[in-house]
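> Protein chains in written order, with this note's numbering: chain P, 15 to 523; chain L, 6 to 176; chain E, 368 to 469; chain X, 100 to 725; chain R, 71 to 591.
Since the hints were derived computationally from the structure, they do not count as laboratory data. Values in this document were obtained by computation on a predicted structure and should not be read as measured data. Virtual Cβ for every residue (Gly too), placed ideally from N, Cα, C. One or more of the hints may lead you astray.
[As the list claims (entries may be wrong)] Using C-beta positions, here's what the derived DEER-type ranges look like: (1) R:R469 with P:L128: 14 to 24 Å; (2) L:A114 with R:M277: 12 to 22 Å; (3) X:Y148 with P:E464: 44 to 54 Å; (4) P:Y179 with R:R469: 52 to 62 Å; (5) X:I682 with P:S499: 40 to 50 Å; (6) P:R82 with X:I682: 40 to 50 Å; (7) L:L140 with R:K279: 24 to 34 Å; (8) X:L664 with P:R175: 16 to 26 Å; (9) R:L569 with P:S499: 42 to 52 Å; (10) X:G721 with L:V19: 24 to 34 Å; (11) L:V113 with R:K279: 17 to 27 Å; (12) X:G717 with P:R175: 51 to 61 Å; (13) P:G207 with E:E375: 51 to 61 Å.
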Amino acid sequence: MSHLPFDPLLLAIAAPLALAVAIACGLPKRWSVRLAYAAFAAPALMALHAWWHFSAQPLDRGYAFLARYSTGLDGLGISLHLGLNGVSLPLFVLAGLVGLAAGLYALQSQAERLKLYLMLLLIMQGGLMGVFASVDVFFLYFFHELALIPTFIMVGLWGGRDRNYAAMKLTIYLTLGAMISLVGLIALYVKSGAHSFDLIALREHLAAHPLGEVVQGKIAGLLLVGLGVLVSLWPLHTWAPLGYGAAPSSAAMLHAGVLKKFGLYLLVQVAWPLLPAGLAHWAHPLAWLAVVGNVLVVGFITIAQRDLKQMLGYSSVMHMGYAFLGLATLSVAGVGGVVLLMVAHGLSVALLFLLATSVHKRTHTLALDEMGGLARHTPVLAAYFVAATFASVGLPGFANFWGELAIFAALWEFSPLVTALAVAGVILSAIYGLRAAARIFFGPASARLEKIAAEHPPADLAWAEKIPALVLLAALLLVGFWPKSVTVALNAELTRVAPTAPAASLSPR
Amino acid sequence: MGQILFTCFAAFTVVCAAGVVFNKNAVNAAMCLLLALVGVAGLFVQLDAYLLAFLLLLVYAGAVVALFLFIIMLLDVKGRHAVGFNKVAVFAGLAAFALLLTGLGTFVARGQLDTPHPSNVPAVGADLKDYAIQLFTTYLLPVQIMGFLLLAAMIGVIVLSKRWEGLDDIK
Amino acid sequence: MITAGLNEYLIISAVLFCIGFLGVLVRRNTLVIFMCLELMLIAGTLALVAFSRFNGTMDGNVFVFFILTVAAAEVAVGLAIIVALFRKRHTVQVDEFNSLKH
Amino acid sequence: MDATVTQTVVAPYLLLEPLGAAAIIAFFLRKRGNWAAAVSVLAAVLVCYRALKMAASGLRFEGGIGSPGGEWLRLGDFVVSLGVKYDDLAALMLCIVGIVGLCVHVFSLGYLKDDAAKARYFGGLSMFMFSMLGIVLADNLFMMFMFWELVGFSSWLLIGHWFEKQSASDAAKKAFIANRVGDFGFLLGIVMCWWINGTVNFAALAESHAFSTAIPLLLFCGAVGKSAQLPLQVWLPDAMEGPTPVSALIHAATMVAAGVFMLCRIEPLMVPDALTVILWTGVATALYAALCAVVQRDIKKVLAYSTLSQLGFMVAAFGLGSVTQKHGDHSHTYALGVGAAMFHLTTHAFFKALLFLGSGSVIHGCHHEQDIFKMGGLRTRMPWTFWTFTVGVLAIIGFPFIGGFFSKEAILLLAYEKSPVAFGLLAFTALLTSLYMVRLWKITFLGAPRSESAEHAHEGGVILVGPLLVLAGLALWLGRTEHFPAGFAGVLELVPDGHAPAVMAVGVSAMLIGAVVALLGYAPAATDSLAAKSPLVFGALVALRNAFDSVYDAYVAKVQQRAALLLNYLEYLFLAGAIVRGIAGAVGFVGMRTRALHTGNLGVYVYWFLLGLVLLWGFATGSLGF
Amino acid sequence: MNLDVVKLAAADNHWAAILPELLLGCLALALLAAEIILPKKWHEHIPTAAIGGVAGLLLSLFVQRDAAGGLACGLDLRWAGTHTFNGLLFHSANGQLLRAFFLLSALLVCVLARVSLARQRMPRIEFYHLVLIVTGAMMLLAQAAHFVLFFVALETVTIGLYVLVAYFRTSTASLEAGLKYLVMGALSSGLLLFGIALLYGAGGNPMLKAHTAGSMGFGALGAFLAANPHHFLASVGIVFVLAGLAFKIGAFPFQIWVPDVYQGAPTPVTAFLGVASKAAGFAALLTLAGGGGVFAAYDWLVTPVLTAMAAATILFGNLAALTQHNVKRLLGLSGVSHAGFLLLGVVASRTVPLATGAVYFYLFAYLLASFAVFGVMAHLAGPDDSQQTLDDYAGLARREPFLATVLAVGLGSLAGIPPLAGFLGKLFVFIAAFQSGARWLLALAAAAVAVSIYYYFGWVKAAFFDAPATGAASAVAADSGPSPARAPMSAALRVTLVLLALGSVVLGFFPGPLGGLLASP
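So that you can see chain P by itself, here it is in the shape it has in the complex (with noise of 0.2 Å):
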């Protein structure tokens, strides 16, 4: 299918993974450092290939890319099934460019252990890339929760504040997320009577025997709450500002970037086409969590924070509310929406954390009240800072203003009291977006950062630094200018999967 010699989607997982093996067997660190390079490359090289053939692949059940490696397991209807279709495909290219910008920030952040470091992210990264590659549940699963397990221990040994406490939250909070999610899983795979966990197979068991509305609510309510906790849906989020305002920023980009886009990933890619009877159950109650406790809550909550992190860390959080806005729904448009705003957010928090990183280098503080008047100093920084800011507060131009927009406008249908809700969180996120950028860079310098620069004065960002941020950057500003490249095969596969009865008719107006 691909005229590439080899298939893609495996090279992309396995390339990380190949070289945190050879880490962990003992290769030196110069060769694991070089080598590095490529092995964060290839995902991302594989991944643009793959979206610029996608459109010319014939796509088989919306998937283009398949193959299929059995692992013993057929008889349960688990194999390793790649494949690509149009959700998927902008995921797996997120994936692949953050990884890639991740990668490239850690092997110049010159981090302690750096071999530990490149192998824990290296298995971030090949997990990251299975996820989004895997037509089967279980091993979207399996490769999300093996790319899970390193941010943990990153966030443990590299962490800052509270890393301890952080980490172990972080940890529970997120298995007992995913126990609860698997047991979703669990009971659609064991209810739909499909015997497989293939999602291609389930789709087409399913829409010849669709499962009754009070299963179908059950486990979407299921997948809901256990996905909510790794989506941080309000009042499950309370790990996120902990963990990211503690975690390395390598491992916060990916997490906060892609990783966390699995709970909506699985939402969308499943839980929307097989289950929509159950998710329109839960869509009231969702939607009104999520503009309630997560934009409303949640950003005001953010504008009270002092530290630059966990203010990202809650900003994330406010920005999932969305996508499940969008997810209530239930429309193809919301739902686009949602892809959109997972693609966007993914870039643009990851940039958002990357600088945050820089600019502690910079002030060796975290604390917006001691910041003040570095653009001076490093105008470059301010610029990517104030464009990152500026694309997370939703400005045309950026890609998260398309999701953003899509989902209020699927929103209205659904209900308008919760779209002028949630339209009023965009205020929010202007208020603590702008102040933050204006804390850190703008103003009269602080008496912190003038002792600073007395000595040394901060340098702008270097190329090594800028680099990354620009593959983040340019991947906003791309799909800004030109969502096409990624709504096209979004459209088609959204359609195609579209539970037949209209969401109007299942959600109360």
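For chain P, the structure is supplied; the task is to place chains L, E, X and R on it using the hints.
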């Protein structure tokens, strides 16, 4: 006649068994155990299991209880009864007693089996030869295993008790 | 010679079992606890023999052979452990063997 | 038809040139200020040239960008398309943006000659041009909203140009956030419009027959934010922290007028109730801002409030007249308000840009002194500036037959016919306009210099004066609809015609009274004469001016920040604390107790077996079990 | 009884069917003989011979003569599906698998024992001898189809373990653990025996329908129980037998001995107890109470009992482990919770065929992970290995990255985190549980997994994140005196640990042939 004998043996056994539990002195308890075993052996005889009755006395009374007595004497533990019946323990013991009694009551009330009259059933345990045949055919494997079990127990006792070179914990 | 019914034997067996269990519960002397454990095994053998007799099958009786052997082995090992422990702790009271806890 | 297609292709160039300039500057010319300025000015020239050429060609067209339908994103039924609607309205606006933009670009060359971040400044200007053109050309609300946001961003960027100043940084933030508040309603309105009418395309909306009061009102929120109407007007005076040319272009001539432009675009959606709201919002803003302007000391602040006031005029004009009557089988649209508003927008754009650039020249001449009470005597020191500024003043106060006279007259006429109360208030506002502008003019330029910097004031050279002259000429010339090229007829023929003598009399007398009071009442002194003569009135006006700011400050400090802290605290206390840590603690406690069950005492352990046996016995006898 | 019957009975004793057990017994005897015969200086090679022998036996299970007379790989299934020894034994594919399981456990215990015994001045050969005998008994126990053999094999295992637990007689802890295990074990034997007696008596009662002369045999007893599904004595018998087995697997409330005994026992024995002994208990439980087992007809009793037991066991194990610091106690308590998960599988297996395979898979995953952890523990332990705490692991990742990695893999697998084998085990058990309808139990188990993360991750945290204890050295270091006390890791242990960790990882995503276990239940 048989009924009376049964009653006597049964009562004797139970009383002696209770003696094991309630006798403060370990030596006396061991003696009670011995007597209880004799009672059980009597019951065995009534059940036409002569060989087993004999074996019970031989193995238990002859070996096990003797061993107990020997160890009790060796360790000379009598008179070390200062610890023991505190309030909680007494309460727990009473509660246990009540529970066991209740259980026993249920058992007696509901555990009744209809049986044919024993005279209609062959007394299979009476014939010595049957044991031999069984042990050497059907149960040959368990017998072999038993050999290993005894070997293991023996090795175990040796390991736990022997004075070894370089190991000075047993003087 | 047999006159009493199966149920009577069973009751005696159960009573013996309960007495043994009670002994294990309330006694603090390890040696006595052991004796009580033996009583429980004997109760089991009594039930087996009674069943064997009333059911007319040989298995129960043969089983008793094995039980007696097992009991003897158990006592041997158990007493060895008790003696070894006594050498260390100079007591046979179970309350005092509590270095392993929590 | 061919030509139309060609133009559809050309129109994106119009957008891409400034965008390209901005991108080139951002990525390549960051440290080369002069090159950046050159690129930016080149883009502005191109824009101006194309705008004029397209307007002159008389070609009007509509079409998608990129593809025939201009579809830019499709998700299910939700479609966003980008397209150009180039009608007379757009042509007029385009010309205004092009001309004023070019003037400001050129003026900036001089004004920011030595600025360290020249490249960023010119990049921002180009970015603004791009965004503004997008608004002008947009053929649907989604597209307009996108560029709407982008002008907000450019505005943020340029207001905060001197970001080292805390006040500039704050002002930029405030502007963006206040606009966001307006956009909240705007976006809701767009989404609602999309669901109710099934389209957001202006042409299609004109055909639609679904009427709702909510949609125009929500959309109006956008205008309230962007055009700084009450109660979101607070950001505009603060926005004067930006460089003066920026104030001229963005915060006087074009961007803030975009709200009015947008209203004109969505005029077919209007219903009487909505218009009433719009009218009174406009009137209130006009009056309020005029009152505030009277007590300002900062030359730019006076102009800022006058801008607010004039914007109020425009909004009120729109609210007065745009009545669409579609009754029975005969349907006709009387969009007189659109004409009046756009006419005033046009004249205002030129004379206000002129005034701002003039003030820029003054500030530049006085070494960045902005307090008018520290100026004085500039008439002789900066004659070019003085005369062009005078033209601007005459235009804004509605001196007969030049500049704003006719456009203001048109509005008053409309008001006179529609609403006597509005007429009265607007006339009073006109009086005030005259009062504060003449006050400003007199104190700034007449009398003796009152400070060192005024003493050494000087003209800024041809680069600064040139644009002033161009704008002065336009302000003088473009006072009458007849003077406009025919290409804008589509808009200008809507301007209310006819001259009611009474209205004219009221207008002229208001102007004269205001001017005379100012000329007589204010002395070119270092203190405000009103404050000396009537401290009570002065104090009241100052308080009025400060009222909104203090309300907003109080809201931010007392409500928003406290709510945020409270929620944060509550989350910390209850969610992360009581619930999460509480559950963890409870589980941990149970764990400790459970662990403590391992007493190590064999005598106790055997009771566990008894417990197990009892439970099992319960199951076996049926007293437990399910 | 005529002679023909006798001959027939004798002829059914197919000794070839239990060749592995026989060879193991011979090996055990040979070890003792070698100790007596061989000169002292050769004694150190005897354990190696034991390990080699067990490894050979293990391999031999997978190599057999095919029809053409050549050698073929794969489990030897010649006897599968047949009864031998007059119905005392029943051979099956699962039985073969369990043989492999126990042999593998024995092999690993022997490897660990070499590490642990090296630090003790205890007799060595006897230890291996006992391990081999116990292993053989376990293998027979897993294949038992008759209560007499069942009891005899079980007691052989138990008594062997009494000795092994108390083996380090110089340590009070070891002896105390031995005593506790002995008393509890004997008590449970008493319960079991009484239960067997009742079942035997009820099944053979001539007044009941479908009564049978072979009521000690599982098949006949099962048929009898099926015909009398509500007989009181039988149900009492069943719960007594279940109680006896619950002690073996450490299920609530018969789990109370677990931490004490695990702590006191020598580390290899703890591993043996935790893995092999538990597996033997589960094998027996599956035979008796699993799907299609002897107690199949007593669904009304067995299912609620096992369900309640599973729930309580999972809860108790996890809660008690939460704040535990002694690593051996921690592993014991975590083992209790694993028993709960396995019980979940046993409950499910009553209605879902997949569950049996799931339980076996779980056991294999558990074996790999547990021995990985125990291996690390054994290596790190001082002479008194009952006092190791989490603090001793602080900074392990810096000192011994290899050990820390193996530890993390093992703990991760125990916690059931993908991509490790433990996850697959849990997943399959959960799927089976869901299929069987034990939804609430499943929910509880899922929550417990999250709770268990706390202590597993806490351990990993100690090893990876915490700074090593400074100044007053840890208990281990204090016991072992100055640092050189710990010998460098032997190559055998290192290879073993690598293989265990690798197995845990690979089995996690590529179960390969073991996957077949699940697909064809």
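> Indicate, hint by hint, whether the structure satisfies it.
Okay, the hints, checked on the actual structure:
1. Restraint check, R469 (chain R) to L128 (chain P): a C-beta distance of roughly 19 Å satisfies the suggested window 14 to 24 Å.
2. Between A114 (chain L) and M277 (chain R) the CB atoms are about 19 Å apart, so this pair conforms to the stated range of 12 to 22 Å.
3. Between Y148 (chain X) and E464 (chain P), the C-beta spacing of about 48 Å keeps the proposed range 44 to 54 Å intact.
4. Roughly 25 Å separates the CB atoms of Y179 (chain P) and R469 (chain R), a value that falls outside the hinted 52 to 62 Å.
5. Roughly 45 Å separates the CB atoms of I682 (chain X) and S499 (chain P), a value that falls within the hinted 40 to 50 Å.
6. Against the hinted window of 40 to 50 Å, the Cβ-Cβ separation of R82 (chain P) and I682 (chain X) comes to about 43 Å, which satisfies the hint.
7. One distance hint, 24 to 34 Å for the beta-carbon pair L140 (chain L) and K279 (chain R), holds here, with the actual separation near 31 Å.
8. Taken as a hint, the range 16 to 26 Å holds for the pair L664 (chain X) and R175 (chain P), whose Cβ atoms sit roughly 20 Å apart.
9. Judged by the Cβ atoms, the range 42 to 52 Å given for L569 (chain R) and S499 (chain P) holds: they are separated by roughly 48 Å.
10. Between G721 (chain X) and V19 (chain L), the C-beta spacing of about 29 Å keeps the proposed range 24 to 34 Å intact.
11. In this structure the hint that V113 (chain L) and K279 (chain R) lie 17 to 27 Å apart at CB holds, the actual value being about 24 Å.
12. Under the hint 51 to 61 Å, the C-beta atoms of G717 (chain X) and R175 (chain P), about 53 Å apart, fit the expected range.
13. In this structure, G207 (chain P) and E375 (chain E) meet the distance hint of 51 to 61 Å, their C-beta atoms being roughly 57 Å apart.
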